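Using the sequences provided together with the hints, build the complete structure.
Number of protein chains: 2
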Amino acid sequence: MARYDVPAENHDRVLELLRQLAEASRAEPGNLAFDIFEDIDDPTRIVLLERYVSRDAFAAHRETDHFRDLVLGQIVPLLTSRTVEQLDAEDQ
Amino acid sequence: MARYDVPAENHDRVLELLRQLAEASRAEPGNLAFDIFEDIDDPTRIVLLERYVSRDAFAAHRETDHFRDLVLGQIVPLLTSRTVEQLDAEDQ
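Chains A and B, in that order, give the protein sequences.
Heads up: the first sequence is residues 1 to 92, going by the UniProt record's numbering.
Heads up: the second sequence is residues 1 to 92, going by the UniProt record's numbering.
Calculated from the structure, these hints are not laboratory results.
Remember, predicted model here, so these are calculated numbers, not experimental data.
There could be a bad hint or two in this list.
From chain A, some residues computed to sit far from chain B (all C-beta separations above 10 Å) [said to hold, decoys possible]: (1) N10; (2) E28; (3) N31; (4) D39; (5) V47; (6) A59; (7) R68; (8) D69; (9) Q74; (10) P77; (11) L78; (12) T80.
Short derived list, chain A residues pointing at chain B, Cβ under 10 Å [what the hints assert, rightly or not]: (13) M1; (14) L15; (15) L18; (16) D41; (17) E85; (18) A89.
All residues carry an ideal CB built from backbone N, CA and C; glycine is no exception.
Structure representation (structure tokens):
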């Protein structure tokens, strides 16, 4: 789960980049889901819910060109904050 | 973290109820945050990110009148699915 704070002026650009990232990530063999959520009352708050078959698959995701180019290269510089939590699936 | 699938015809009503729930929940002594997110490409997918000072505080939340009335009594019947994951905060 990743949580982004996006300055209003960067909002549309970040969403555009995130859609590109989602498309590329969903094509990864180890990816099960990549969904982008926005706070209904505060569009500067974005949450990414990604699901991978394993922790290794998630690690492999972070080694891909699209992660380096889109996340590290383009998206992160547009954010005011970013936190990432690695969670083990436990549906109740 | 709660994930709801909301039929389109119930969307606005569920959001209205969730805002009431958020307001009541934020007033609980053990609550740190209650945020409502919507999938940017699929408004039928809603995610609630709630944060409590302890697991006991989260348990107390589920014993409140507003939880019983709003969640169990009004919101759940309007959903097609609901999953709840209890996560221990580990910001990276």
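Handout entry: Contradicted hints - numbers only
Key = 4 and 5
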